[in-house]
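J.: Residue numbers (our numbering), protein chains in the order written: chain F, 77 to 289; chain A, 77 to 289.
Keep in mind that the hints are not guaranteed to be accurate.
Heads up, the list lumps identical chains together, so a pair's fine if it works in one copy or across two of them.
Derived SDA-like pairs: lysine to any residue, alpha-carbon spacing no greater than 20 Å straight-line [to be verified]:
#	residue 1	residue 2
1	Lys287	Asp129
2	Lys167	His278
3	Lys287	Arg133
4	Lys287	Arg239
5	Lys167	Ala150
6	Lys287	Ala224
7	Lys287	Tyr132
8	Lys287	Val130
9	Lys287	Val134
10	Lys287	Asp137
11	Lys167	Asp271
12	Lys167	Leu111
13	Lys167	Asn275
14	Lys167	Gly252
15	Lys167	Thr285
16	Lys167	Arg268
17	Lys167	Val274
18	Lys287	Glu127
19	Lys167	Ala242
20	Lys287	Asp205
21	Lys167	Thr122
Source of the hints: derived by calculation from the structure; they are not laboratory data.
There are 2 protein chains.
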Amino acid sequence: MREDFQAELDRVSSTLVTMALAVRETMRQASNALLIPDHTLARQVTARDAEIDVLYRVAEDRAYDLVASQQPVAGDLRKAVTSIQVAADLKRMSGLAVHVARSVLRRHPALAVVPELAELFREMSTVADGLAAKIVSALSDHDAVLAAQLDRDDDAMDRLHQRLFAVLLSPDWPMGVEAAIDGALLGRYYERYADNAVNVGHHVVALVTGKSD
Amino acid sequence: MREDFQAELDRVSSTLVTMALAVRETMRQASNALLIPDHTLARQVTARDAEIDVLYRVAEDRAYDLVASQQPVAGDLRKAVTSIQVAADLKRMSGLAVHVARSVLRRHPALAVVPELAELFREMSTVADGLAAKIVSALSDHDAVLAAQLDRDDDAMDRLHQRLFAVLLSPDWPMGVEAAIDGALLGRYYERYADNAVNVGHHVVALVTGKSD
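Required output: the full structure, derived from the provided sequences and hints.
T.: Next comes the structure, spelled out in structure tokens:
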């Protein structure tokens, strides 16, 4: 029984890895669409969201099947439910990538990110990609230490977010209100993406160790 | 067995009602703190978040106990897990109320909402409160019809959100970049609050009918 549980949980977990890879790729594409800029790519990102949704359903169904067939208790039960929460966090991350892509489409053919902010958003997208990469590894390798690092990695995003606001609110910001609002909202999408990555980290720690976070 | 399940699920559900009431009150206070403005009230809101967190843990633990003791399958199992997802949605709504309150604290003693936007945010806070009130009723009365209405009610928030951006981006916006960014971010907090309310609605439909949303 115990081995069946672990085998089925591994199946759920492998769906989560697939989902995390897809989420990472979605945000990479969204960032490229933003920074190149490339509105065709942005449109592809909005279409990818449906794939992530399918993967979410697969992960959720597998987790439910696992609980139904194995009737786990205590720590094992929490692991099964936590895997659904990871899937929901990943879905939210994908949703934020779509928000980035929609900003590109909304401003097209103008730039959604003015040149003054391009370098900052390049750094934010690098941090976002690093967080997603770490989620993939932590999930693949059942690595709670790696998962726990996401908390600290998020500090880099918070610092970039603060720098962004310092630029937007400096008295000599030259680009006007619309560019400032776009910058502020895009900054928030990246910041929320990172926050959700931290949530995934907490959940993966719970998933690996069986302790509630 | 079946009756015990329902009795225990009702216990989880009553915690969710308590949580929804607390979330509603938290956003009411945050909106008042924003519109009066009142930074003491804003500080109280940030403190309330810890209470919501405790209620979240209670709801989650009760749901896990329910699954562990009753070993439900199929629809009943989904109901138990869905109740955890409702608790997580409500926690996110409370987090957004805290974001509103933090905006008040950040700008104090200046206004976080400039007079030009006060009426719009008054309307947004009314819609937000209506959504929360409906969640309380739908959860209390196990009312899937009411829960399903949240989807449509959210349209009012979306319209207000669009009006807000029209004001912020109009060529004769007189208040400068900082007030525009504050307005855009506050608008997003209310919009996300409403989105999470819609999620609760979907989950409550699933909770009442046993069908996955």
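J.: Determine for every hint whether it applies to the structure shown.
T.: Structure-based check of all given hints:
Taking identical chains as interchangeable, the C-alpha atoms of Lys287 and Asp129 lie at most 20 Å apart only when they sit on different chains, with a minimum of 18 Å there against 28 Å within one chain. For the homomeric pair Lys167 and His278, the shortest alpha-carbon distances inside one copy (16 Å) and between copies (16 Å) are both at most 20 Å. Taking the shortest Cα distances, Lys287 and Arg133 sit within 20 Å of each other only across copies (14 Å), while inside one copy they are farther apart (25 Å). For the identical chains of this complex, Lys287 and Arg239 are neighbours neither inside a copy (36 Å) nor across copies (46 Å), given an alpha-carbon limit of 20 Å.
For the homomeric pair Lys167 and Ala150, neither the shortest alpha-carbon distance inside one copy (26 Å) nor that between copies (23 Å) is at most 20 Å. In this assembly of identical chains, the alpha carbons of Lys287 and Ala224 lie at most 20 Å apart only when taken from the same copy (13 Å versus 35 Å across copies). In this assembly of identical chains, the alpha carbons of Lys287 and Tyr132 lie at most 20 Å apart only when taken from different copies (17 Å versus 23 Å within one copy). Within a single copy, Lys287 and Val130 get their C-alpha atoms only as close as 29 Å, which misses the 20 Å cut-off; across copies the closest is 17 Å, which meets it.
Proximity of Lys287 and Val134 under a CA criterion of 20 Å is satisfied inter-copy only: 16 Å between copies versus 25 Å inside one chain copy. For a Cα distance limit of 20 Å, the shortest separation of Lys287 from Asp137 across copies, 13 Å, qualifies, whereas the shortest one inside one copy, 23 Å, does not. In this assembly of identical chains, the alpha carbons of Lys167 and Asp271 lie at most 20 Å apart whether taken from the same copy (13 Å) or from different copies (14 Å). For a Cα distance limit of 20 Å, the shortest separation of Lys167 from Leu111 qualifies neither inside one copy, at 23 Å, nor across copies, at 34 Å.
For the identical chains of this complex, Lys167 and Asn275 are neighbours both inside a copy (12 Å) and across copies (13 Å), given an alpha-carbon limit of 20 Å. Taking the closest pair of Cα atoms, Lys167 and Gly252 never come within 20 Å of each other, the shortest separation being 34 Å inside a single copy and 36 Å across copies. Proximity of Lys167 and Thr285 under a CA criterion of 20 Å is satisfied in neither setting, with 23 Å inside one chain copy and 24 Å between copies. For a Cα distance limit of 20 Å, the shortest separation of Lys167 from Arg268 qualifies both inside one copy, at 13 Å, and across copies, at 15 Å.
Proximity of Lys167 and Val274 under a CA criterion of 20 Å is satisfied in both settings, with 14 Å inside one chain copy and 16 Å between copies. Taking the shortest alpha-carbon separations for Lys287 and Glu127, neither the intra-copy value of 31 Å nor the inter-copy value of 22 Å comes in at or below 20 Å. For a Cα distance limit of 20 Å, the shortest separation of Lys167 from Ala242 qualifies neither inside one copy, at 31 Å, nor across copies, at 30 Å. In this assembly of identical chains, the alpha carbons of Lys287 and Asp205 never lie at most 20 Å apart, being 27 Å within a copy and 36 Å across copies at closest.
Within a single copy, Lys167 and Thr122 get their C-alpha atoms as close as 13 Å, which meets the 20 Å cut-off; across copies the closest is 27 Å, which misses it.
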